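Enquirer: Here the protein sequences come in this chain order: A and B. Sequence positions in the first sequence follow my numbering and run 6 to 228. Sequence positions in the second sequence follow my numbering and run 2 to 117.
One thing to keep in mind: the hints can contain errors.
Stated by the list, open to error - Residues from chain A shown here face chain B by an in silico Cβ test under 8 Å; the list is partial: (1) R7; (2) Y11; (3) I12; (4) L14; (5) C17; (6) L19; (7) C100; (8) H101; (9) I157; (10) P160; (11) N190; (12) N195.
Stated by the list, open to error - No farther apart than 27 Å at their CA atoms in a straight line, the calculated lysine-lysine pairs in the DSSO-like style are these: (13) B:K47 x A:K20; (14) B:K13 x A:K108; (15) A:K10 x B:K13; (16) A:K31 x B:K13; (17) A:K167 x A:K227; (18) B:K9 x A:K15; (19) A:K15 x B:K16; (20) B:K110 x A:K108; (21) A:K15 x B:K18; (22) A:K109 x B:K13; (23) B:K13 x A:K15.
As the list claims (entries may be wrong) - Some chain A residues close to chain B (C-beta under 10 Å, calculated; not the full set): (24) D21; (25) A134; (26) E135.
These aren't lab readings, by the way, just hints derived from the structure by calculation. Note that the structure is a prediction, hence the values are computed from the model and not measured. All residues carry an ideal CB built from backbone N, CA and C; glycine is no exception.
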Amino acid sequence: MRDFKYIDLKECILKDNDGVAEEIRKLANDKNIFVWNLMSSPGAGKTTFIIRLLKRLSQDIKIGVIEGDVESTLDAEKIHAFNIPTVQLRTGGSCHLDAAMIKKAMDYLPLDELDVVIVENIGNLVCPAEFDIGADLQSMILSVPEGDDKAIKYPLMFSVCKALIVTKIDTLPCFDFDFEALEKNVRKLNHQIKIFPLSAKTGEGVEDFITFLMHEINSKIKR
Amino acid sequence: MHELPLVKSIFKSVKQKAEENNAARVVMVQLEIGVLREFVPEIIQKYWDYITPSTILENSIIDVVEIPASAQCSQCKNVYLLDLQNLFSSVCNQCGCETGTLVTGREMKIKGIQIE
Numbered sequence: 006m007r008d009f010k011y012i013d014l015k016e017c018i019l020k021d022n023d024g025v026a027e028e029i030r031k032l033a034n035d036k037n038i039f040v041w042n043l044m045s046s047p048g049a050g051k052t053t054f055i056i057r058l059l060k061r062l063s064q065d066i067k068i069g070v071i072e073g074d075v076e077s078t079l080d081a082e083k084i085h086a087f088n089i090p091t092v093q094l095r096t097g098g099s100c101h102l103d104a105a106m107i108k109k110a111m112d113y114l115p116l117d118e119l120d121v122v123i124v125e126n127i128g129n130l131v132c133p134a135e136f137d138i139g140a141d142l143q144s145m146i147l148s149v150p151e152g153d154d155k156a157i158k159y160p161l162m163f164s165v166c167k168a169l170i171v172t173k174i175d176t177l178p179c180f181d182f183d184f185e186a187l188e189k190n191v192r193k194l195n196h197q198i199k200i201f202p203l204s205a206k207t208g209e210g211v212e213d214f215i216t217f218l219m220h221e222i223n224s225k226i227k228r
Numbered sequence: 002m003h004e005l006p007l008v009k010s011i012f013k014s015v016k017q018k019a020e021e022n023n024a025a026r027v028v029m030v031q032l033e034i035g036v037l038r039e040f041v042p043e044i045i046q047k048y049w050d051y052i053t054p055s056t057i058l059e060n061s062i063i064d065v066v067e068i069p070a071s072a073q074c075s076q077c078k079n080v081y082l083l084d085l086q087n088l089f090s091s092v093c094n095q096c097g098c099e100t101g102t103l104v105t106g107r108e109m110k111i112k113g114i115q116i117e
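Using the sequences and the hints, build the whole thing.
Expert: Structure representation (structure tokens):
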């Protein structure tokens with residue numbers, strides 16, 4: 006007679022990634038650095054938003070940027086033009102950044118000179134939400150042209166973020182974007198999420214986000 | 002796109018556990034996956050069948066136990082099931098409050114394995 010046995014594992018499938026994410030947290034703590042993960046779909050405006058923040062903040066805090074893209078070094082070149090230490094991760098097909106990639110990229114940044122590392126994740130509302138990269142702040146951008154229904158379609162992403170940045174509000178007259186519906190859906194999953202409507206192009210609403218971001222940064226690092 | 006790395010991670014854990022328990026072969030691998038993970042069992046089984054030949058895991062079945070999404074009410078703290086197909090109308094079944102925090106639905110676990 007065949008002898009079957011059931012063995013409990015109760016083990017997280019992503020435990021290897023989560024282990025590296027913890028190493029990143031420890032490294033960032035030791036180096037007194039704040040790590041910020043910025044996610045969105047492609048074209049939502051992550052790079053434009055980061056550039057707007059760099060112009061406003063780079064006198065006050067020292068920022069390094071890790072750029073994630075499937076192909077090209079375009080975004081890193083844009084950021085580097087502002088004399089900001091930048092690493093481009095080219096994943097060559099992979100749809101997200103994982104902790105091992107970030108750990109490697111950190112080796113190329115002058116960590117002793119930095120206060121903040123911004124990680125511009127791969128444009129994708131699904132996979133980046135799955136992988137812990139050791140960030141102190143998880144946030145996402147949703148741009149007005151994408152529509153107000155995205156929390157219904159991509160609930161995981163909205164459930165893991167502390168801040169939701171709704172960009173391109175200067176285009177609101179062109180779209181039927183219902184802020185109330187967006188907020189109602191998001192708060193079903195994540196009622197404490199902070200929502201920041203803004204335009205990286207005109208600057209409207211950006212200061213509110215900066216106040217939030219600086220509070221988050223200052224509550225972690227000593228300067 | 003990331004199913005293959007996940008399958009490799011499951012493979013590594015299961016193989017190690019099976020060997021520790023002197024298994025002749027693995028019959029079934031049971032996963033607990035939250036509904037928000039967009040996990041497609043058929044794709045996982047396909048990759049599994051691709052990487053397991055000539056190992057003690059060959060011909061084993063991946064059994065996915067899907068964990069539903071639930072939220073804790075921001076007012077009365079009751080935990081209630083969320084209807085993801087109809088998120089807009091999902092409310093706390095105790096007090097009718099419309100906001101909450103996700104409690105289950107993000108699981109990504111290997112629950113256990115059946116060996117012989």
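Enquirer: Next step is simple, just say for each hint if it's right about the structure.
Expert: Here's how the hints hold up against the structure:
Because the smallest distance between the Cβ of A:R7 and any Cβ of chain B comes to about 5 Å, under 8 Å, the interface hint for this residue holds. Of the supplied interface hints, the one on A:Y11 holds, with its beta-carbon coming within about 5 Å of a beta-carbon of chain B, less than 8 Å. The restraint placing A:I12 at the interface with chain B holds, with a minimum CB-CB distance near 5 Å, inside the 8 Å limit. Taking 8 Å as the C-beta contact cut-off toward chain B, the hint placing A:L14 at the interface holds, the least distance being around 4 Å.
Hint status for A:C17: holds, given a least beta-carbon distance of 6 Å to chain B, under 8 Å. Against a cut-off of 8 Å between C-beta atoms, the interface hint on A:L19 holds, since the closest Cβ of chain B lies about 6 Å away. Hint on A:C100 holds. Least Cβ distance to chain B is approximately 4 Å, under the 8 Å limit. Among the interface hints, the one on A:H101 holds; its C-beta lies about 6 Å from the nearest C-beta in chain B, closer than the 8 Å criterion.
Hint on A:I157 holds. Least Cβ distance to chain B is approximately 5 Å, under the 8 Å limit. Taking 8 Å as the C-beta cut-off, the interface hint given for A:P160 holds, the closest approach to chain B being about 5 Å. The criterion of a C-beta within 8 Å of any C-beta in chain B is met by A:N190, whose closest approach is roughly 5 Å, and the hint holds. Against a cut-off of 8 Å between C-beta atoms, the interface hint on A:N195 holds, since the closest Cβ of chain B lies about 6 Å away.
For the hint pairing B:K47 with A:K20, the CA-to-CA distance comes to about 22 Å; that is within 27 Å, so the pair holds. The straight-line distance between the Cα atoms of B:K13 and A:K108 is roughly 22 Å, inside the 27 Å bound, and the hint therefore holds. At most 27 Å may separate the alpha-carbon atoms for a hinted pair to count; A:K10 and B:K13 meet this at roughly 19 Å. A threshold of 27 Å between alpha carbons decides the hint, and for A:K31 with B:K13 the separation of about 26 Å falls inside it, so the pair holds.
Distance hint between A:K167 and A:K227 is fulfilled; the C-alpha atoms sit about 22 Å from each other, no more than 27 Å. A distance of roughly 17 Å separates the Cα atoms of B:K9 and A:K15; the hinted pair therefore holds under the 27 Å criterion. For the hint pairing A:K15 with B:K16, the CA-to-CA distance comes to about 15 Å; that is within 27 Å, so the pair holds. Restraint check: the Cα-Cα separation between B:K110 and A:K108 comes to about 24 Å, which is no more than 27 Å; the hinted pair holds.
Our distance criterion of 27 Å between C-alpha atoms is met by A:K15 and B:K18, whose separation comes to about 11 Å. For a cut-off of 27 Å, the pair hint linking A:K109 to B:K13 stands: about 23 Å separates their Cα positions. Straight-line distance between C-alpha atoms of B:K13 and A:K15 comes to about 14 Å, which keeps the hinted pair within the 27 Å bound. A hinted interface residue such as A:D21 counts as satisfied when its beta carbon comes closer than 10 Å to some beta carbon of chain B; here the least separation is about 6 Å, so the hint holds.
Among the interface hints, the one on A:A134 holds; its C-beta lies about 9 Å from the nearest C-beta in chain B, closer than the 10 Å criterion. This hint holds: A:E135 has a C-beta 7 Å from the nearest C-beta of chain B, less than the 10 Å allowed.
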